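S.K.: Okay, here's what each chain looks like letter by letter:
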Amino acid sequence: MRRFTLIAVPYLWLLVLFLVPFAIVFKISLSDTALAIPPYAPTLDLSSGWAGLRSFFAELDLENFWFLTTDDLYWKAYLSSLQIAALSTVFTLLVGYPIAYAMAQAEDAWRPTLMMLVILPFWTSFLIRVYSWIGILSNEGFLNQFLIWSGLISEPLIILNTNTAVYIGIVYTYLPFMILPIYAALEKLDSSLLEAAEDLGCSRLTAFWLVTIPLSKQGIIAGCFLVFIPALGEFVIPSLLGGSQTLMIGKVLFEEFFSNRDWPVASAVAVILLLILIIPIVLFQRNEQKQREAEGQ
Amino acid sequence: MAQTVFAPWENADEKPLIQFKNVTKRFGDFVAIDNLTQDIYAREFFALLGPSGCGKTTMMRMLAGFETPTEGQILIAGQDMAGVPPNKRAVNMMFQSYALFPHLTVADNIAFGLKREGKAGAELDARVEEMLRLTRLTKFAKRKPHQISGGQRQRVALARALAKAPKLLLLDEPLGALDKKLRQDTQFELMDIQEKTGTTFVIVTHDQEEAMTVASRVAVMDEGQIIQVATPADIYERPNSVYVADFIGDVNILHGHASRNADGYDIAYGEGKPALHAKTTTNLGESGKCALAIRPEKISITAQKPAKVTNAIKGKIIDIAYLGNLSTYHVEIEGGQMIKAQTANTTRLERRSFTWEDTVWLSWTDTAAIVLEG
Ligand SMILES: Nc1ncnc2c1ncn2[C@@H]1O[C@H](COP(=O)(O)OP(=O)(O)OP(=O)(O)O)[C@@H](O)[C@H]1O
Ligand SMILES: [Mg+2]
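Taken in order, these protein sequences are the chains called A and B.
Per the numbering used here: the first sequence ends with 385, consecutive numbering throughout.
Per the numbering used here: the second sequence ends with 579, consecutive numbering throughout.
None of these hints come from the bench; they were simulated from the model.
Please note that the accuracy of each hint is not assured.
To be verified - The calculated PhoX-like cross-link candidates involving lysine-lysine, where the alpha carbons are at most 25 Å apart (straight line), are:
| no. | chain 1 | residue 1 | chain 2 | residue 2 |
| --- | --- | --- | --- | --- |
| 1 | A | LYS378 | B | LYS347 |
| 2 | B | LYS519 | B | LYS494 |
| 3 | B | LYS347 | A | LYS305 |
| 4 | B | LYS401 | B | LYS349 |
| 5 | A | LYS164 | A | LYS339 |
| 6 | B | LYS320 | A | LYS305 |
| 7 | B | LYS220 | B | LYS372 |
| 8 | A | LYS305 | B | LYS545 |
| 9 | B | LYS226 | A | LYS378 |
| 10 | B | LYS344 | B | LYS386 |
| 11 | A | LYS276 | B | LYS349 |
| 12 | B | LYS372 | B | LYS226 |
Claimed, not checked - Covered stretches of chain B, going by a simulated chain A footprint (3 or more residues, C-beta under 8 Å):
| no. | region |
| --- | --- |
| 13 | 282 to 294 |
| 14 | 317 to 324 |
Model, not experiment: these values are computed from the prediction.
Just so you know, even glycine gets a beta-carbon here, dropped at the ideal spot from N, CA and C.
With these hints in hand, go ahead and build the complete structure from the sequences.
M.R.: Put into structure tokens, the structure is as follows:
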């Protein structure tokens, strides 16, 4: 009984917070737009009994999914999102790993402070932080002012409203998600392993490559997923920092939903996005499990 | 003495492989190694013995290059090691904590150092195979370190350090986690390897028997200093201090006052008790305060006071510890001090001649006891 309750809690959680909303979205994606509230048809009317239920199901179809294939906007948006998410994950890793490494090397007394500094940005609204990047990156922004003042450039760099700005925004926003799991892995690393590697003939650099990197692999994988998954559906950053040519599926979804008020197509976009995400999510879960097993010893 | 005796430290022409010259190591203001000077010769099996925290691992780490001496110099093969990184030293160390790579299999752990020196293919496989066989790990070659037992892990660490066949091998408690049988077998393997390859071993151990079995010389350490360095037999038979006598093996210490008499000293160890006599070449200082160290197995235990024996003390048996092949009698002598005497159990247990509360005589010859300052 106790065992059952323990298992039931996470499943109930999953059911209420994931499966039910997903079922609703999925149902909408099978519906048609309508000038009504809510703006789609059919809606489930249980008062008319069996017949009502049957006609309800009869009206559902895959039309919206079919529609997504007819306009190349959608698959281009998916592809471009995948590309932007993947590239920014790589950039985040390149920036995040050295930071995590430095934190793990720092003296014990410093670590809580450094950890605090990494988490601190979360205390301000995400939206405000992204907005403030506009002030930094725009043509008259701080960055250009500084570069012109220092004489490095004479014309302002055009960064805002380009994909570069989106990359900067994503790397900045998701950096803590990359740093924390890598730091957790590096902190556990036994320094005598590096000594053993050196003793057996490795230079510092080879020891890093052959011991530190493999032993922080789980942290790297976790961090990459934690950045890649939300970045793929990112909407705020591309719409605030990106330009008209920045194509991301989150933006498309938002426009279908709010500008076109086409809930069914928006839902279909969301369902496909979820299906794409399921692959990395499952891989991520597997990685977590493997890590638990390895630690379980 | 026969010519085959291995004793390079007695030969003034011999160049030591390792030289500690006034080495001091401090961690903050804590002195871990205290002005230590010591030579270790090629092909030696040098054992470091000492209580926990006396600086054994620190000495090893300085040799391997993980710590730099605060003061003084370390030379290996005549070359000053200051500034030479660990990977540039022909030294391999087996870590007290094993430091096995958790992401590599047993075989890959052993192969790690070999690959760094460019070995590959059949040559590499053969060497790894040989090491696996030597440490009896062949069955576990494919497992990860967390999938094997503590003793097996220790053997992997040993195999990994041995694999590169370095000139100098540092083993920090290499056999502590093994059962007695396997430990003895491995000790003989190590001695065998040493004989075949001529490798110099410096080994830390908490097991005196092990030090006695394998070592060419034993160094007894205390608080960052080496108290005595000598062959196992000398350390046991001729300790230079109460500390060493007490640290190596079982010993009875009788404190007393010594006065010169003929070829040794007469030692008064208590009011109104007859003096004990010990032959010695040691010269005690003016004060005459001394400690007499007597090993339990050198004391005979009899029911009657033996005739014509130099030293005899009467006492009462308080406790008997049966150790299988030996029995240790704890005998209380006049004045309350407890003396341990050991006899071989040549007869069966039921036919033991003494039992609890028996009054007995303890006796030893004038060469059995060691006169020490104290
Ligand atoms: N990095 C360090 N910082 C501060 N103190 C240290 C450090 N390393 C060792 N010590 C201290 O130096 C002393 C000697 O340590 P060491 O590890 O050499 O002892 P050991 O003889 O190997 O002991 P054991 O038999 O328990 O392994 C200990 O008191 C230890 O606390
Ligand atoms: Mg130690």
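S.K.: If a hint holds in the structure, say so; if it doesn't, say that too.
M.R.: Hint check results:
1. A:LYS378 with B:LYS347: holds, 18 Å
2. B:LYS519 with B:LYS494: Since the Cα atoms of B:LYS519 and B:LYS494 sit roughly 23 Å apart, the hinted pair holds (cutoff 25 Å).
3. B:LYS347 with A:LYS305: holds, 21 Å
4. B:LYS401 with B:LYS349: With a Cα-Cα distance of about 31 Å, the restraint between B:LYS401 and B:LYS349 is violated, given a limit of 25 Å.
5. A:LYS164 with A:LYS339: Between A:LYS164 and A:LYS339 the Cα gap is close to 13 Å, so the pair holds against 25 Å.
6. B:LYS320 with A:LYS305: Measuring from Cα to Cα gives roughly 22 Å; hence the hint holds.
7. B:LYS220 with B:LYS372: Holds: B:LYS220 and B:LYS372 sit about 15 Å apart, inside 25 Å.
8. A:LYS305 with B:LYS545: Violated, at about 59 Å.
9. B:LYS226 with A:LYS378: With a Cα-Cα distance of about 51 Å, the restraint between B:LYS226 and A:LYS378 is violated, given a limit of 25 Å.
10. B:LYS344 with B:LYS386: holds, 19 Å
11. A:LYS276 with B:LYS349: holds, 18 Å
12. B:LYS372 with B:LYS226: Since the Cα atoms of B:LYS372 and B:LYS226 sit roughly 21 Å apart, the hinted pair holds (cutoff 25 Å).
13. 282 to 294: It holds: at least three residues are needed, and the region 282 to 294 of chain B offers 3 whose Cβ sits within less than 8 Å of chain A.
14. 317 to 324: holds (count 4)
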